[in-house]
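Chemist: Add chain B to chain W, keeping to what the hints say.
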Amino acid sequence: MTTFAELSSGFADKVLSAQTTFRSVMDAMARPGSVHCIAAASGMPSGMMRGTAAIALTLFDHDTPLWLDPRMAEAAEVAKWLKFHTSAPVVADPSICSFALIGNAAELPALDRFSFGTNEYPDRSTTLILQVESLREGLAFELCGPGIEGTTVLQATIEPLDLFARLAIDTALFPRGIDVVLVADDAIVAIPRTTRLVAEGD
Amino acid sequence: MAADEKGKQTQRQAAMAVLAHVDAADIAGHLDLMALPAHENLREPENGLVMVRGRIGGDGAPFNLGEATVSRAAVRLSTGEVGFGYTLGRDRQKAQMIALCDALIQTPDHAGAVETQVLAPLRAAIAAERNRKAAETAATRVDFYTLVRGEG
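Those sequence lines, one after another, are chains W and B.
Residues in the first sequence are numbered consecutively from 499, following my numbering.
Residues in the second sequence are numbered consecutively from 2, following my numbering.
Here chain W stands alone, though its shape is the one from the complex (with noise of 0.2 Å):
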């Protein structure tokens, strides 16, 4: 019982706050590169940002395998709010997982370490959900592909800062590949599988 003093609470209003951020995520997916706010107010463990929190509790359940990279992994919190509120197993190999959860940006691992999905079932890829720094100031990304209008800028502090070069991989792997929800506080801008980046400047 002591163990749940220290737990925090998922969603106030569960069937609304989740419905919200289903929302912001599903037209974050379709206007890559754009940046949506999460609305929805919930309780959340250290190191999780509420962003994080939010699309935790509104899209994993017991059918959703998750990774925890070491930065989320060594927070014993996380993973007991994660098995409380939404049931999801945390798995040890990133290659079957449907959603990674990295906390340290930085030290993201070589994405072929992560499902790609099959050529029959791509949808069985892996979504990395990766806290930012920031997606409001830093440098400026273009970026291009279907639900973009010509081009998009982002402006973002994004590490690794290669990240766009080592996403190119989902060009050559289509339709199979790996998308992305970047977090920042209760910022989240989506970089599908589809989106690729035009240059680059600061």
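Don't read these hints as lab results, they were simulated from the structure.
None of these values were measured; they are calculated from a predicted model.
Among the hints, erroneous ones may be present.
[What the hints assert, rightly or not] Computed cross-link-like contacts, DSSO-like style, restricted to lysine-lysine with a CA-CA straight-line distance of at most 27 Å:
#1 9/B / 581/W
#2 578/W / 7/B
#3 581/W / 134/B
#4 512/W / 578/W
#5 578/W / 9/B
#6 581/W / 512/W
Modeler: Frame of chain W, contents of chain B only:
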């Protein structure tokens, strides 16, 4: 320490046995009379399904009997105790109150009050109802006895 823990466990189980069998309105009626400490919902009350498993006899193979609707909730007091409530049916309020009672039983300050103000009256009501039914049934009892055995 272990014995203490075990006693607590038994106490909580006994409380569940009472709370699961009474109406939400009855629990609410008794809880309202108590001074409740500050608390929050750790898990908002929610409905779900559980698969009820059964087996025929003690050694039959387990099989899925069917699904049952269950409500559950988890409540945390400001002092840190967490109570859990599970109950058959869709009454989320009841699950929440059971969780609250479960949390209160674990506190030294409120355990006594819950026992005397909530559990004892409810337990008495259940017993009274059971006795009434038993009396009703007993009134229609028929004793059969054999006058003559057909041996001659």
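Chemist: Next, verify each hint and record whether it holds.
Modeler: Status of each hint after checking the structure:
| no. | hint | verdict |
| --- | --- | --- |
| 1 | 9/B / 581/W | holds (25 Å) |
| 2 | 578/W / 7/B | holds (24 Å) |
| 3 | 581/W / 134/B | violated (45 Å) |
| 4 | 512/W / 578/W | holds (19 Å) |
| 5 | 578/W / 9/B | holds (24 Å) |
| 6 | 581/W / 512/W | holds (16 Å) |
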